[in-house]
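*Asks:* Add chain B to chain A, keeping to what the hints say.
Protein chains: 2
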Amino acid sequence: MIRRKPTGSLLSKHRQRAVTGTAAGRARPTATPAANLNYAQVSANHALVDGAENGQLYQYETSVKKSFDAIVPTLRKVSAYQHEEDFVARAQALAKQELGYELPKAVLEDAWVEQLDMRSLFAWCVFKSYQLYCDDFFSTAPLSNTGLSKSGAEEFQNFIQQCGFHTMDVSPCADGRLAHAIRYVLRLPIEAVRRKSYAGAMFDIDNSIQKWVETEMLRFREGRPNTADEPTRYLKAVAYHFSSVDPSHEGCAAHGSDDALAAKQGLNRLKAFQQAIENSFCCGASIDLLLLGIDTDTDAIKVHVPDANGDIDLEKFVDAKDVYQQTQRLSVNDATQRIEQMVREAQAGVGEGMLKLISKLIINNLSQIEYVMNYYGSHYEDIGHAERFIGAGIGFEEVQLRNLTYFAYLNTVEESTADFDVGIKIFSKLNVAHGLPVPVVIRFDYHGQVPGSRERAIEHCQRVSDAAAARYSDLAEKGLLHTLLVIRDCNANGQIEILGSSLKTAI
Amino acid sequence: MIRRKPTGSLLSKHRQRAVTGTAAGRARPTATPAANLNYAQVSANHALVDGAENGQLYQYETSVKKSFDAIVPTLRKVSAYQHEEDFVARAQALAKQELGYELPKAVLEDAWVEQLDMRSLFAWCVFKSYQLYCDDFFSTAPLSNTGLSKSGAEEFQNFIQQCGFHTMDVSPCADGRLAHAIRYVLRLPIEAVRRKSYAGAMFDIDNSIQKWVETEMLRFREGRPNTADEPTRYLKAVAYHFSSVDPSHEGCAAHGSDDALAAKQGLNRLKAFQQAIENSFCCGASIDLLLLGIDTDTDAIKVHVPDANGDIDLEKFVDAKDVYQQTQRLSVNDATQRIEQMVREAQAGVGEGMLKLISKLIINNLSQIEYVMNYYGSHYEDIGHAERFIGAGIGFEEVQLRNLTYFAYLNTVEESTADFDVGIKIFSKLNVAHGLPVPVVIRFDYHGQVPGSRERAIEHCQRVSDAAAARYSDLAEKGLLHTLLVIRDCNANGQIEILGSSLKTAI
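First to last, the sequence lines map onto chains A and B. One point on numbering: in the working numbering, the residue at position 333 of the first sequence is 333, and numbering is uninterrupted. One point on numbering: in the working numbering, the residue at position 111 of the second sequence is 111, and numbering is uninterrupted.
Bound-form chain A, shown alone (with noise of 0.2 angstroms):
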């Protein structure tokens, strides 16, 4: 297996100035490419693997968590010389140098009153690396590249209604392992499809059928993305997870590491959506399912096959890992057309649109398959949690890279405390058992055409980030829970919008 390492510059400055950091205690694991080769040189070892979009991915995802784990060495070196006569100068010219950015002179300059507030210190660099690496995402767009621009996402949607389907809407996990299964696990493109995270990918079906009734309204209504009287259905699809490297500790949390039990609520909820739906609603309205499983630790999918009905048998799956294996050495026409007798060969009655679309999700996972086996090897080194913050709120468009962040779908804490509280948990060993604070972002888009949609997004930041203190209380009181409060007008397509924080001095 050779490992490549890209270089080339797609990515802004402060993250090419990133070093590769670990963090207090623990080991935070960052790639460690066994040859420092140039991006151009990347070549895949299977014929429908894209190598160069792999280099891309990741050198975005390697800059992006370095500028995070760049933020511990950094402090301890600066915490190291605190009380040196010279230190403000000596430890601005080290974060400028080390993570792209100076840190906060009051606090820098009351050092020698008392000790550092690192804690404090700490939650505000991850706070301001987030705002640099939101900043970076909305100006450069770095997961659009070649065919996935934004003409890449109408294609998508051109192809999904070919199978079928005007909707794509996936609920995986919260857990951060998955933060990156749209955009690099699927490879799709992340505006054509509707990602919502809940802890066990538990969604809410309450909030899938007022999407539904959005969506159905808007083909009605507008002709979008389709009109109505076109024969396609909104797909609903649920991606759990395991741990093909440690299947009883490092699985689904939420379903206590139970891969059976995973698939089968996935299933279950799904089914009730569908049946919500049929109940609700006269005229033969329903929608078709899919079920995924995901290998947190080498991210090669598993992809349940729908029957002629739609119906799902826990049973009945391809994985692609076994389809990676079985069409390497083919040309892109013969494996194209082995995946394809694998999905029929999996289950005999599946319907055309539907054998389309999951072969090019598996078509698209071997990519990532080679993605990780290139640069991490059998699996990646960080099978477990190695989150960076947790992210509450909706939104988070730009969260697309694996173990970067926790994050939950939720409009109130009182409503999301499961997600929330194995948010917590997780950071609880990530972080507070090192003497490091909770870094949470409270963000919340809006739409900016709606009157007063900019104040209620403002309220409810607040309003989740008071419940929080409040559950948390025990963190927050100790200086271990930090929130920032973060807004972004999605229809102006900007950049996010900085309220405030826990910490006393401004991002």
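Take these hints with a grain of salt, some might be off.
Output of the computed footprint for chain B on chain A, the stretches with three or more beta carbons under 8 angstroms from beta carbons of chain B [as the list claims (entries may be wrong)]:
no., stretch
1, 206-216
2, 220-232
3, 279-293
4, 410-421
5, 442-455
Here are the simulated lysine-lysine pairs, DSS-like style, with alpha carbons at most 25 angstroms apart [stated by the list, open to error]:
no., chain 1, residue 1, chain 2, residue 2
6, B, 196, B, 360
7, A, 356, A, 321
8, A, 105, A, 77
9, B, 211, A, 211
10, A, 316, A, 360
11, B, 271, B, 360
12, A, 429, A, 66
13, A, 196, B, 211
14, A, 211, B, 196
Label pairs and their computed distance ranges (CB to CB) [what the hints assert, rightly or not]:
no., chain 1, residue 1, chain 2, residue 2, range
15, A, 506, B, 114, 55 to 61 angstroms
16, B, 493, A, 261, 36 to 42 angstroms
17, A, 223, B, 272, 24 to 30 angstroms
18, A, 113, B, 268, 46 to 52 angstroms
19, A, 106, B, 268, 38 to 44 angstroms
20, A, 504, B, 418, 27 to 33 angstroms
Derived from the structure by calculation, the hints contain no laboratory data. Just so you know, even glycine gets a beta-carbon here, dropped at the ideal spot from N, CA and C.
*Replies:* Same frame as chain A, but now just chain B:
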């Protein structure tokens, strides 16, 4: 002014047996008619007033309220002989006679050990009365009388469609003095009007957009209530309120008893909703708006008449009290014509459909104006708050009586602290100041045909109950806050289902 008191029996036995009571340490006003005449003798002073319906509505109102107001005097008597030997038997006999049900035996039997737990007993009785009240409502449909059966609802639906509207969606204030706004004040069939109450009538725009989307979808997809090509619109109404007797104290608490502000904020919220629809959807999507004021002392309405473009001027309104006086001696035809003329005079350009609708609302309100005059005099005796319990959640179709319930439409306590806090504040004066607990009914209706919806309704009840107990822990810990958990399958149109309560004894 002749006041008439009806008799007759539309009502269940327990209500017939209920006696008039005065709440502990406070004046809980009940109906005090001047003359004890028979319902059948009711006749109207005004040609457009429905005297027979007034009689039925009055009988229903008084009997329900008496069933709640008998609790305190009954418990006071029970308390007086709690240490006597034949206490349990005497208490049960009295309760059966005065309240129509027996008290929980276990509580009575333990009274000799310590004092009777009056707080729990009071809450238990309120919840029991609520249960019986609901059972009666959903089995006998006491408010769907002549002209207001299911066909009455259909008739009204046809009427509003002729006026150019397919949906009438009203947001009154959560204040208990407006709980009867739909069925009493406006005399509309409850099945044909959407009602969502919020403190200060400050309805949730996002929730309203969802309802608009769903309504449009059903028109397009299922032709309900009419097909989408019919030129009708969604009508959103706000009902703010004020007090003619004590304007600076008994107006809307959410707007600091400032009538002009209440009206202005209501109008602003309406306009924001309209703009949200116009900006979010294409092809001329819009809604129509209506702003009403209700004088909570006399139930007379003020209707702000929109101009030809649907624009509302706060200064251009018709006051139904003036209408009543100016049309009191006219025939049905002359009075009707005069009312239409008054609406036109208020706003020359008013559209014909809106004119028809407003005229109907005013005509309906004349009956309520006379209702208050006949049964209560120049104004209600209880011009302030006198609610019997707080209702929180989604449902409460049965609550159509003035000052019975402070109720707020809510999903979570977290999002609805403003509404909930106002309710707790009201009951702190009404009950807690006299040592009695705040009784809170937490209710979630669900659509039985949607799988898992019952389970989710149960979860919602539990969640809101926990959140309320946490937010008002100072009250809850002292036994001064009690919650009843209730769900109902609104599709089956059946009885409520009691899940449990914060009390030790089952209801």
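*Asks:* Does each hint hold? Answer for all of them.
*Replies:* We went through each hint and held it up to the structure:
Residue count for the stretch 206-216 of chain A with a Cβ under 8 angstroms from a Cβ of chain B: 6. That meets the three needed, and the coverage hint holds. Evaluation of the coverage hint for the stretch 220-232 of chain A: fulfilled, as 4 residues show C-beta separations to chain B shorter than 8 angstroms, against a requirement of three. Residue count for the stretch 279-293 of chain A with a Cβ under 8 angstroms from a Cβ of chain B: 6. That meets the three needed, and the coverage hint holds. Only when three residues or more bring their CB closer than 8 angstroms to a CB of chain B does the claim for the stretch 410-421 of chain A stand; here the count is 5, and the claim holds.
Residue count for the stretch 442-455 of chain A with a Cβ under 8 angstroms from a Cβ of chain B: 6. That meets the three needed, and the coverage hint holds. Taking the CA atoms of residue 196 (chain B) and residue 360 (chain B), the gap is near 22 angstroms; set against the 25 angstroms cutoff, the hint holds. With a C-alpha separation of about 19 angstroms, the suggested pairing of residue 356 (chain A) with residue 321 (chain A) holds against the 25 angstroms cut-off. Restraint check for residue 105 (chain A) and residue 77 (chain A): the C-alpha separation of about 17 angstroms stays at or below 25 angstroms, so the hint holds.
Using a Cα cut-off of 25 angstroms, the hinted pair residue 211 (chain B) and residue 211 (chain A) holds, with the two alpha carbons roughly 12 angstroms apart. At roughly 18 angstroms between alpha-carbon atoms, residue 316 (chain A) and residue 360 (chain A) fall within 25 angstroms of each other, so this suggested pair holds. Our distance criterion of 25 angstroms between C-alpha atoms is met by residue 271 (chain B) and residue 360 (chain B), whose separation comes to about 24 angstroms. A threshold of 25 angstroms between alpha carbons decides the hint, and for residue 429 (chain A) with residue 66 (chain A) the separation of about 21 angstroms falls inside it, so the pair holds.
Pair hint residue 196 (chain A) plus residue 211 (chain B) holds up; C-alpha atoms about 22 angstroms apart against a cutoff of 25 angstroms. For the given pair, residue 211 (chain A) sits about 22 angstroms from residue 196 (chain B) by alpha-carbon distance, which is consistent with the 25 angstroms threshold. The hint said 55 to 61 angstroms for the Cβ distance between residue 506 (chain A) and residue 114 (chain B), and at roughly 58 angstroms that hint holds. The given range of 36 to 42 angstroms is respected by residue 493 (chain B) and residue 261 (chain A), whose C-beta atoms sit roughly 37 angstroms from each other.
About 28 angstroms separates the C-beta atoms of residue 223 (chain A) and residue 272 (chain B), a value consistent with the hinted range of 24 to 30 angstroms. A hinted range of 46 to 52 angstroms for the beta carbons of residue 113 (chain A) and residue 268 (chain B) is consistent with their spacing of about 50 angstroms. Between residue 106 (chain A) and residue 268 (chain B), the C-beta spacing of about 41 angstroms keeps the proposed range 38 to 44 angstroms intact. Look at residue 504 (chain A) against residue 418 (chain B): about 29 angstroms separates their beta carbons, and that is inside 27 to 33 angstroms.
In the structure shown, no violation is registered for any of the earlier numbered hints.
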